[in-house]
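Q: These are the residues of each chain, in order.
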Amino acid sequence: MNLQTIAINNLKRRKAKMAFLTIGLAVGIATIVTLLTLNRSMSGDIERKMEEFGANILITPQSNGLNMNYGGIGLGGVTFDQREILESDLQKIKTIANSKNIAAVSPKVLGGIRVGSHDLLLAGVDFASELKMKQWWQVFGAVPQSEDELLLGSDAAKVLAVETGDSVKFGNGTFKVSGVLEQTGSQDDALIFASLRKAQQLLGKEGKITIAEVAALCSGCPIGDMVTQIAEKLPEAKVSAIQQVVAGRLKTLEQFNRFSMGVAAVVVFIGSLIVLVTMMGSVSERKTEIGVFRAIGFRKSHIMRIILCEAALISLLAGLLGYGIGMLTAKLVLPYMAESGAAKLVWDAAIGIGSVLLALLLGILASMYPASQAAGMEPTEALRAL
Amino acid sequence: MPIIETTSLQKEYGRGRESVAALRGLDLSIAAGEFVTIMGESGSGKSTLLAVLGGMSQPTSGEITVAGERLYQLHPEKLADFRAANLGFVFQSFHLIPYLTALENVMLPLAIVKGKAAAKRGAALAALARVGLGGKPERLPNQLSGGEQERVAIARAIVNSPKILLADEPTGNLDSRTSEEVMMLFRELNSAGQTVVMVTHNHENGAYADRTISLKDGLVVGR
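Protein chains in written order, with our numbering: chain A, 218 to 603; chain B, 1060 to 1282.
Keep in mind that the hints were calculated from the coordinates and are not lab data. The reader is advised that the hints may include incorrect statements.
As a list, the in silico BS3-like pairs of lysine-lysine whose alpha-carbon atoms are at most 25 Å apart [stated by the list, open to error]:
(1) K1195(B) x K1137(B)
(2) K229(A) x K1137(B)
(3) K311(A) x K349(A)
(4) K386(A) x K325(A)
(5) K517(A) x K1222(B)
(6) K229(A) x K349(A)
(7) K1137(B) x K517(A)
(8) K1137(B) x K504(A)
(9) K1195(B) x K517(A)
(10) K517(A) x K1173(B)
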């Protein structure tokens, strides 16, 4: 028999009231857990989507351009003072402060070639990193495994009238078409893809690249900072951020996050009020009982401990229950909230621990006033008979 | 050596013109081992006197010494400790805690003192046995008769071996036969050396006491 026994037995006696109290607090905690989990799960979903979308930083050579007109008649533009990026310079990208946020770097060399009577654009790429970046590519056939193999964009294949397995002659060599891309609707449809090394040889640009795409995609990645960091490492190159759409989505998610926190704060406030009002009612109902405790020698601190122990037990239960309900709700709601059906529910131990601690904190804080009221009761006031 | 001594004890409720004097200069002396009943009509101040003697209601003026302590010179928390160590209370309506068993109710005063659980349980069982309820320790109050509840209340009051047992109308809610049994129990406890101070309006109960103090309008009118 100790103070905890008194608290536990009282909770057992007032099952309905304590269940109401627990549910009130649990709903608040569940709301927070649901919103936080949804937010994290949706962030993960967008991260994955961003990786599928491809690059978000583009590195091109520095150049100066001039638009010419004469007497109001446009004469087109000219590019001059075009600089080049060395393939070896790309290694410097890995030394930037945010290098851990870089998912892939895909260098390319571009140049015009003549195949038969057709002028086409040859793109030398590192197929491994290119495929990582362009996960939407559908290849009929296979991705080139050697320097004598090519991958053709759908329009290029049509122009040349070739299919997977055919041969194409240009430069000084004959190349086998290992695969053809399904139409993408992008510039890739018109390109002939070869290995970076072979294309550099064919175009006479050994060790040089035309552009490089960088996938640095994750929610909260400081894209702007990374652009600056890369630009500092590659002064000869122009570094630009792309994929503003995805960044916009992240911004929307951040706004949702703030809105969620606002809603959660209101719900938690209401939960705390429920705890406060119920505990005040409980204390009022137990006046006589508290008077007996005081009369037989319980100190004020003993009364406080009984009330706060009850609050802590209820809060602990509410925290666990709230976490469970919150995760279940998030699991049920996530498919409707996320853009892709593949969105995964994020199980975060920190949310679990945090929700229990928050419940304990709120429950105990909201019970402090009722507990101090109870502790302040005089025995004679409580025991009217005396 | 008196165990309770009061000098010019006064207690007023309210202030100024609205004040009501419940005790008007009481001089009392109760010896250790005495069984004293305090009698009087309703409003005579007997329950107020018991609350003051029990360290639960500070008098407006006068002095009071209980078990060698000037009660109201103690810090309120020390006064609570004093009650826990030296006083046992039996209330008119028993005031058992409804969600605790008979044994747990008896153990209540021991919940705030250091000691092994087994020793506390042993002391509570002994107290229950002493009041003749050794066979019903696990019953809840609502599973006990009025007389049995009164006995549990007495067991709770004596479990910590208090120097003084204070009882407020302990037979007020009992039938005459059960009242007699309860008064016999108080008599037995007193015979074993327990000081008992009991407030009652039942003159028959006075027969069990060594002495009766009669109050009227906050004054002692007979000893």
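Q: Compare the structure with each hint and give your call.
A: Hints versus structure:
no. : hint                : in the structure
1   : K1195(B) x K1137(B) : violated (34 Å)
2   : K229(A) x K1137(B)  : violated (32 Å)
3   : K311(A) x K349(A)   : holds (17 Å)
4   : K386(A) x K325(A)   : holds (21 Å)
5   : K517(A) x K1222(B)  : holds (23 Å)
6   : K229(A) x K349(A)   : violated (59 Å)
7   : K1137(B) x K517(A)  : holds (11 Å)
8   : K1137(B) x K504(A)  : holds (22 Å)
9   : K1195(B) x K517(A)  : violated (31 Å)
10  : K517(A) x K1173(B)  : holds (17 Å)
Figure legend: structure checked against the earlier numbered hints; hints not met, in rising order: 1, 2, 6 and 9.
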